[in-house]
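With the hints in hand, could you dock these two chains into one complex?
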Amino acid sequence: MSKILAITGAGAMSQAMRQINPDVVPAFPITPSTQVVEDFSQFVADGLVDTEFITVESEHSAMSACIGASIAGGRVMTATSSAGMALMWEMLYVASSMRQPVVLTLINRAMSAPINIHADHSDSMGARDAGWIQLYSESNQEAYDNLIMAPRIAEASDVRLPIMICLDGFIISHCVQTMQMEDDDKVREFIGEFKPAYSLLDTENPVSWGALDLQDYYIEHKRAQHMAMQNAKESIKLVSEEFYQCFGRKYELFESYCLDDAERVIIAINSIAGEIKEVVDDLRNKGEKVGLLKIRSFRPFPYEEIAESLKSAKIVTVLDRSESMGAYGPLFTEIRTALFDVPDRPMVYNRMFGLGGRELFMSDIQNIFEESNRYLENGKVEKVFDYLNVRGG
Amino acid sequence: MGGSPDISKKQLDHPLDDLIRTDRLPHIWCAGCGIGTVFSSCLTAIKASELELNNISMVSGIGCSGRAAGYVKLDSFHTTHGRAIPFATGLKLGNPDLNVIVFSGDGDLFAIGGNHMIHAARRNMDITVICVNNLNYGMTGGQVAATTPHMAKSTTTPSGNPEDPFNLPLLAYASGATYVARWTMLHTRELTSSIQEAILKKGFSFIEVLSPCPVNYGRRNKEKALDTLKLYQEKTIIRNGAIPAGLDIDFSKEVVLGKFVDVERDTYIERYEKICRQES
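Protein sequence lines correspond, in order, to chains V and H.
Take the first sequence: its letters are residues 672 to 1064, numbered as in our numbering.
Take the second sequence: its letters are residues 884 to 1163, numbered as in our numbering.
Same shape as in the complex, but just chain H (with noise of 0.2 Å):
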């Protein structure tokens, strides 16, 4: 038996120190944002997939959520506005070995890079999407966005957004994803293992996390970092296996979470090799 343990030092360390550039710290994200922890989900899920850590690779966009690349300690790549899926597809086709994970926001994925989602989704391109939706473009300073609820007030919708948010698994399934989930932050060990899973599964895997942006988002419909964590609470119910067209998302009825998607399909990869060289 030794002396006590050095307890200051044990707090010091971070089970996830590791996979972070702790160089990097501290972060940019706000107090009561949930990026963090679908961060750490992620990092924990990567883990736990026991997967080579020298073939996994992180690329984001631009925004909150696209920092993530420039904090985690793996090969990541910081792309610009809306492109980090195909900056993905290129890594992916480049060296098919490589585990790629997008990691990016609503603003980013869905709005002025929604385009690529769709056809990536189509063509069942291996590579995990994960999503963090805060119903805004925060680090613009809260600005309307694709995923804005109906009447939300943002800095460009002061009276309320006159437009309809897209069903973001919807339209992951309707694009041909063959693994399609939705998760709060608060649902962090559901989150966890389905990042894990959808990190281990062949093909296109897109899962959709809702997260707090209390700064932007919350400070502007009168909702506090806490109370968002409470409809995350109250107002879901995990149903897997759940009709996408049913999936709108309206905190004043029921938002529904779970895994919704998970069939095998041909990848890309896959199909180029049985198609496009074929030995005559």
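Next up, chain V with everything else stripped away, as it sits in the complex (with noise of 0.2 Å):
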């Protein structure tokens, strides 16, 4: 039956693991992401799930193990955060490209140096190219709805590709929220069976896998890894659809929040989402036109739906919490090209907060928001890059 439950969002991605009963979950504790697996290695010991649990030596191993027990069919999971998921780096880009439908949780942690644990998106925005869909999630509720609809999403037959569901360290993995649990059929019935497209499990029909491949057909699979992304969109849209229809819970590309008739729009992903729609629902109070776009699916990124989305707006501010030195956010960069082919496009900036964990407070959202207001009223934007909240600013 469906509860309502208190609990971390590291928990909550851990019964998602449960109830989706996958076939191996090679795991390696990393901070915030170590209760994922902790969790999930009491199911295996209490026999709540049929998976093959390997405690691997280093994320390395782990995504390797994953790639290895997909291939031979198996669905397969895992979780790590920030420097467990630089390791793995090679390997990501071979499940993208050995089109294995792997499922990682990511935990959004900062990468060292200097060592911090705390949240900001470097480790997942770092992998932006590595041929992962990626989903982000504001709440625990969110990040275990987008674990369930993950499976489906990736292994869909003209998609197959590997995906990771981001969420921010401790301020999600490690605060309890209410969340609404499913019903454990309900969502093993909505997952469905897994069918691997080929198997090395499937002795009738062998097949080889990573083979050379040089300048005859390297160039046409990465293509074919580009369409299957473009896929992946419409996938993510029927998933999502599906899920509304059984659990009532919507979710889209990205999330419109008070956007319809906006001047001033924040754009934004991850927890951060949930202080902004605070202020905007204040500043709405008192007649600001004032919306807030939340990213959840950043690859494939949603070009043409969010410049559509962004009709009305005058102003937009892009939130990073992801450094890319000698470049702007990011995110920032994404939105500007997704702008750019838009008549009477609004005007666009960039604000750099929250690495390694700084907190942005509501009266810094509201001072955001006066800012580009200021802009607005003065027709310029002064400053396209800055960073908030930070010592010599």
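Hint data in this document are derived by calculation from the structure and do not stem from the laboratory.
Computed from a predicted model, the values in this text were never measured in an experiment.
A portion of the hints provided could be inaccurate.
[Claimed, not checked] In silico SDA-like pairs for lysine to any residue, Cα to Cα no more than 20 Å straight-line:
#	chain 1	residue 1	chain 2	residue 2
1	H	Lys1085	H	Arg1006
2	H	Lys1105	V	Gln713
3	V	Lys1054	V	Glu979
4	H	Lys1105	V	Ala716
5	H	Lys930	H	Asp980
6	V	Lys893	V	Asp800
7	H	Lys1084	H	Asp980
8	H	Lys956	V	Pro785
9	H	Lys1118	H	Pro1032
[What the hints assert, rightly or not] Over 10 Å on every C-beta distance to chain V, these chain H residues come out as not near it, computed from the model:
#	residue
10	Ala994
11	Gly997
12	Thr1071
13	Lys1085
[As the list claims (entries may be wrong)] Taking beta-carbon pairs under 8 Å as the criterion, some of the chain H residues facing chain V (in silico):
#	residue
14	Gly965
15	Asn978
16	Tyr1020
17	Val1027
18	Ala1029
19	His1033
20	Thr1039
21	Ser1042
We put the beta carbon where it would ideally sit given N, CA and C, even for glycine.
Written out as structure tokens, the structure reads:
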């Protein structure tokens, strides 16, 4: 039966994994994602899942084992953060290029150095070109829902790409929120059986994986991956719609919050959206036309849909929580690209915040809206790029 | 004769204060943890070695033991998970006059970083590796490690560890280490003089130090901090020169401590100078 739970974000992810009941979970602990696999190993010990749980010796081995198990025909999941995903790097590309629908919970954490265990998006943004579908989550509920949808999105026959579900370290992973957990059987029915396209266990039809692929075919394979990622957009929409029909919570490629007539818009990813919504509500009560666009799917990136939804916007502030030193933030780059072909496109500028877990308070968000108002009145963006809440700024 | 000595001042001074970044205190190690004792042994050995402090560097990886590099008042390097030895290798090759000590844990050195350990030993890199072995990944909350005993409980093996652990001295010996020893943190004197010997010895030196982790390992295996120390006292035997193949850790029988290997072999740098830098 569906029930309301008070649970941490990491706990929510392990519950979703329990319900999905994957065939294999190879895992290596790293803060703040550790609880996901710890809880899951308890489910294995308690006989609540049929999973083979492998305590590998590093994340590189974790992702390698995921790929092996996936190629063998299994449904495969794991979880990691930051340096852990960096150590998987080589294998991230191999998973996506071999078209294995591995499902990864990525609890976002800053990259070293200096060593830092708190939330920012430098891990997943660094992996944005690795060929993985990336969905982001504002809350425990959204993270849980995204993970339930993940196998279906990734395993669609015209997609077959790995998928990472991202949520903010500590802010979401370690904080208790209420969450609706759906009925085990209903979730299993929604997800269905995994039918691998090719399987090493299919001895009647032997296949080879990872063969040398040079000037002759490599680029065709890359284009095929590109097309699969384009198809993923449709897969996300279809699965999200079906999820809505089954469970009643609606998700799209991005969330539009008070966007219809919004003139001043903030675009952001993950947990900070919660605070922004509060501020938007406050300002809306005072009659200000402000809104939020919260990214859910970063890969594939919904350029046209975002451009369409920002029709009424006059100024857009893009909040990035990961650096691309010497360039604008990764989200800003995409948003500006999305807006380029829009007639009467809005002004757009970039603010960097929250690196290594630095707080951004509601008063800071109010300041952003005040600043964008000033820019709008002056008809000019004074600083296209700046840092928020930083010393010596 | 002056007045009475200022006892309160005396008590505040710790004999190792000059080697500790006291501004980083309090440290993160839990009550009952053995890392502090091993750290203190290491610092005492450094002092006793009478080496020029400016020429000593301490390198550590990630984990509870890995914090040591942040507490020592020497040139030190808190590196990434598993990579203390390659960082140390670079440090040594960049400045062969340095005395490089790697101070890290079993998880860091033998699971995620296991590959580096065997290759540094094979090359006979002139560094000293001190491995605090608490039988689990302590910092992340007590998960199974490559050193966790068979059937021991951890947060990722709630029904018992199905795997066998490494015999670390055997691995170091087989990989080519020229100095190999094992102690517990209870054997402070032996440990301290062993560390001193290892630091002063040319070549790849490896010392395993058993150390309790009551919070994460002990709690799940019905072993209180004091129980672990009793095991260290009652179930260990010092057998210098013991054959490394027989050094598996099994506290239900006996656990062998001692210095097992102390041999001479060309170091990496000596070979490199001779073979790659020879003038034609």
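Hints, verified against the model:
Pair hint Lys1085 of chain H plus Arg1006 of chain H holds up; C-alpha atoms about 13 Å apart against a cutoff of 20 Å. The hinted pair formed by Lys1105 of chain H and Gln713 of chain V meets the criterion: a straight-line CA distance of about 18 Å does not exceed 20 Å. Between Lys1054 of chain V and Glu979 of chain V the alpha-carbon distance is near 25 Å, which puts this suggested pair outside the 20 Å criterion. Pair hint Lys1105 of chain H plus Ala716 of chain V holds up; C-alpha atoms about 19 Å apart against a cutoff of 20 Å.
For the hint pairing Lys930 of chain H with Asp980 of chain H, the CA-to-CA distance comes to about 18 Å; that is within 20 Å, so the pair holds. Distance check on the hinted pair: Lys893 of chain V and Asp800 of chain V sit about 12 Å apart at the alpha-carbon level, within 20 Å; holds. A distance of roughly 14 Å separates the Cα atoms of Lys1084 of chain H and Asp980 of chain H; the hinted pair therefore holds under the 20 Å criterion. With a CA separation close to 18 Å, the supplied pair Lys956 of chain H and Pro785 of chain V stays within the 20 Å bound.
A distance of roughly 16 Å separates the Cα atoms of Lys1118 of chain H and Pro1032 of chain H; the hinted pair therefore holds under the 20 Å criterion. Against the 10 Å criterion, Ala994 of chain H falls within the reach of chain V, whose nearest CB is about 4 Å from its own CB. Not every beta carbon of chain V lies more than 10 Å from that of Gly997 of chain H, the smallest distance being close to 7 Å; the non-interface claim is violated. Under the 10 Å C-beta cut-off, the non-interface status given to Thr1071 of chain H relative to chain V holds; the minimum distance is some 30 Å.
Non-interface status of Lys1085 of chain H relative to chain V is upheld: no Cβ of that chain comes within 10 Å, the nearest being about 31 Å off. A distance limit of 8 Å between C-beta atoms decides the matter here; for Gly965 of chain H the minimum to chain V is near 7 Å, and the interface restraint holds. Because the beta carbon of Asn978 of chain H sits about 21 Å from the nearest beta carbon in chain V, more than 8 Å, this interface hint is broken. Contact between Tyr1020 of chain H and chain V, as hinted, is supported at the beta carbon level, the nearest pair being about 6 Å apart and thus within 8 Å.
The beta carbon of Val1027 of chain H is positioned within 8 Å of a beta carbon in chain V (closest approach about 5 Å), and the interface hint is therefore held. Residue-level restraint check for Ala1029 of chain H holds (minimum Cβ-Cβ distance to chain V is 6 Å; threshold 8 Å). Interface hint status for His1033 of chain H: violated, as the beta-carbon distance to the closest one in chain V is roughly 13 Å, over 8 Å. Hint status for Thr1039 of chain H: holds, given a least beta-carbon distance of 4 Å to chain V, under 8 Å.
Against a cut-off of 8 Å between C-beta atoms, the interface hint on Ser1042 of chain H holds, since the closest Cβ of chain V lies about 4 Å away.
In summary, the numbered hints that this structure violates are 3, 10, 11, 15, 19.
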